[in-house]
Amino acid sequence: MSDELDRIRREMHAVLQPPGVRPDDSLQITRRTFIHRSLLFGAASVGQTFAWWPLLNTIDVAHAAEAPFKFAWISDTHLYERSLNTRFVDKVVRAVQEVQAMDPPADFLIFGGDLAQLGKIEELELGVELLKDLKIKKYYIPGEHDWYLDMGKKWGELFGQPNWTFDHKGVRFIGLDTVSRGPDYWTAKKMTPEERMGHMATLDGTVAGAWAGVGREQLDWMQKTLADWDKSKPIVIFSHNPLYEYYPPWNFWVRDWREVNDVLKPYTKVTNIHGHVHQVLYNEIGSMRSIGMLATSWPWPYAPEGVPKLTKPMIRVDPGDPFDGVGWETVSVNADDKVDVEYIMWGRKEVFVQSPEDHDKSIEEVIRPRVADNQYPWANP
Amino acid sequence: MINTSTFLCILTRSTIAGAVVAASVVIGPASANKDPVTPKQLKLYQEAFMEEVRKGDLLFHGDAAMAEQLGVKLSTTGWACAMCHPMASDTHPQAFPKFQQSMAKFATLRDMINWCIEKPNQGEKIDPESEAMKALEAYITWSNTGSVLVPGKY
Ligand SMILES: [Fe+2]
Ligand SMILES: [Fe+2]
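For the protein sequence lines, the chains are U and F, in the order given. Its first residue numbered -10, the first sequence is counted upward by one per residue in this note's numbering. Its first residue numbered 7, the second sequence is counted upward by one per residue in this note's numbering.
Looking at chain F on its own, in the form it has when it is part of the complex (with noise of 0.2 Å):
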């Protein structure tokens, strides 16, 4: 355990080390993302996620006023996903992708996703790469942090 974390960080060192030299001899705006990351853009990501993890969490607790401002019909039922999955629990994003029973397919987290739009919430599926999708994703993910990755497992 010690010999992994302490090769880890030797590992993580160097690679920070050698994007360091790679930004001092690159330069311009074209290039900013071989510059070292700052606070301050750090803190722009985190926003950008927790903004798309906030628009998720609205549709998944079914939301009216966010299903209406991306365009989808996530439920016709009343039903909403959190009614099954409170604080996300029973999704399993670590487990994807895998065979779905339910599907009788090899799936994806999206594909589930639409699976319950479709069949328990009766409601119109939406395109996969649709900002709603992106954000159901990101909050699933996100309630899920700490969860090990088990993928493939039923």
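So that you can see chain U by itself, here it is in the shape it has in the complex (with noise of 0.2 Å):
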């Protein structure tokens, strides 16, 4: 781990995690859950680490809803416009075909950001166009891949304002915008609104930096709508990056991620549900748990570093099978006031790891940033 990370990384759990501070023992860690406590202070070797983990892909997270409840969570779909990908228009028909089947039916579908892969109106179109065969009440949050070809206009006439929130069966949910607030690194460069949304669709560029975060405003204004929460009611907030600092090279991160924890620091109850890293995660951090989520695009690589100890890591997928690697995903909350989160990863019986060499790590690596971001006419001189 570089210096620079393994300095922050200390800082974030000396300041979100102080002796004592998890999320509220009434969520019930059980062996169903990635959780195990010996693992939440200190390393574990990969052995030890496999040794323990279940073989069960649902994590309970009890709470005290009023009736018990499922939603459907899809995001990172990544549209292209029709005529030149039909696999990702295939993924998210099958998707959606699901979600509609879902029996109970789902009382709301969350879609996470990443609708359009170049931010184009036919592509988002496109998704709107996908997602109206589903009949349950739709929310939307957006991925940067859909705002900055023309900075969120067309997303913003589909979708309206990013960021909301609603009470749903003794639940309040809420939805942040992690993605508008990049620093401006186009004006000065002179960049057209292709080139500018070509270099936020690179994960591994270095020219947009480090865009994802919250903002001020969008913190005050959570506050504000927490304000007459009761500290001990459940809170599940759904973003597109995670609400913690896993890799910021790939904005696997927001970067005001310590104010994010000011404002959710007296509720005891918190869940946050992300989109962007396209793969299986979890952590804790503070009294919040926050719970990664599948694309239905293609699967993102662990980072090289970073990657929460609590996570039990996804299997390492077959690259010739589109449909591997790739899903949706059910939350429900049952009669025992529990939720589940559970991965639909098309293609597996088993979305976990089984032993070492199912990791994508199994092989060390050591990689580093691309070099084509450092030449003219990107490059800062």
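No wet-lab data here; the hints were simulated from the structure. Some hints could be false.
Unchecked claim - List of simulated lysine to aspartate or glutamate pairs, DMTMM-like, C-alpha gap at most 20 Å: (1) U:Lys59 - U:Glu331; (2) F:Lys104 - U:Glu331; (3) F:Lys125 - U:Asp122; (4) F:Lys79 - F:Asp41; (5) F:Lys104 - U:Asp79; (6) F:Lys159 - U:Glu346.
A quick note: this is a predicted structure, and the numbers were derived from the prediction, not measured.
From these two lone chains plus the hints, build me the complex, please.
Have a look at this one:
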């Protein structure tokens, strides 16, 4: 781990996880979760880690819901125009059909961002068209791929305000916009909208910089939104990016995670569900738990460093099968007041690694950022 | 550890000494590679390498202009190598050659590159000796600088 990242990681844990701070015990960590108490403090060897993992693929989070319900999550469809790529279309169609077939039906769908690949009107409209077959109520948050061609104009026309809140059966839900506040990397370099979008759409690019963030005014809005909410009642926050620091070079974070934590600190039952990482991910940060969701389009590999120790990694995928390593999720609140997050990964019975060789990091690697960004015209002098 | 590096150090020095002796008896442009290396040469070699890395980086990230310049069509789906392999992660050049399950054969990195071009990307596979292939190989291996060789590892 680089010194800088190591420093930041230590700081994050010092800020967010002073001794004794964890998600509320009433969240009832059980054998069915990915959590093992002994792992919360200190590292475990690969051998130890693989030894205790249960084989079930759900997360239980108990809370005081008024009535049982389910909802579904789809994100990161990364649609191109239909004429260019039909595989991504096929996968959205499949996810939509499966969500529509849920029995009992889902109360609503959360779409977690990156509907389009290059932010084009045609791509966003194709997404709307495909999701139209899903008759339940839908809520959308934006991803960076939706935004940086026209700075969210079309997205806003289609879906309205990017951040929102609603209460449902005893749970307060909040949708955040973590993508629209990127630093201006385009004006000084006189980029066309397509060039701006191109850099934003390159996960391992360096030109767009640390674009993921919540922003002061949205933090204030979130604080106001939660002011009347009982501190011990459940909150579920949806964001495109994870609300902690996992791997900044790929914006697997929000840069203002400290401020997010300040707002959420008083609340004891906070669950963050996020997209962007295209992979199974689990972490506990302060009193919040955070769950990463699959894409329908393609899986990202785990970052070379910073994967939370509490994550039970997803299985290494078969690159020859477009339906492997991707899918969608159900989140159900059952009669025992528990929330199950279940990954529906197409083409797999086992979502999680079963042995070290199943992990995409079973071959150790040392990698570095790309070189082309450092050259004219994108490089800083 | 100390013994090994000391031994390597001695070995390196004697090799350099040998090369100097050899260069001092053979003179002329035909045997320029027997001359002691100069900083200028090193810079040129490095630049030649990095130029291929740069081209490979652009190809790997789906740059249309570079693909056209090198006469290749690496994808017809919009997909680029870097979309599954940011920073060339999970390309594992250090593990090749190896038995590759997806191809059901003993494969080199170049075989794997062509497989990815043909299957997920649905592009046109490229000549293993082409500049495009060498550039991709240069970018992938450069990106994995520091990774430890584990040939054959799954
Ligand atoms: Fe995405
Ligand atoms: Fe994203």
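Against the structure, the hints come out as follows:
1. U:Lys59 - U:Glu331: 11 Å, holds
2. F:Lys104 - U:Glu331: Answer violated: F:Lys104 to U:Glu331 is near 35 Å, above 20 Å.
3. F:Lys125 - U:Asp122: Violated: F:Lys125 and U:Asp122 sit about 30 Å apart, past 20 Å.
4. F:Lys79 - F:Asp41: Not satisfied, since the Cα-Cα distance of roughly 42 Å exceeds 20 Å.
5. F:Lys104 - U:Asp79: 33 Å, violated
6. F:Lys159 - U:Glu346: Status holds; Cα separation ~10 Å.
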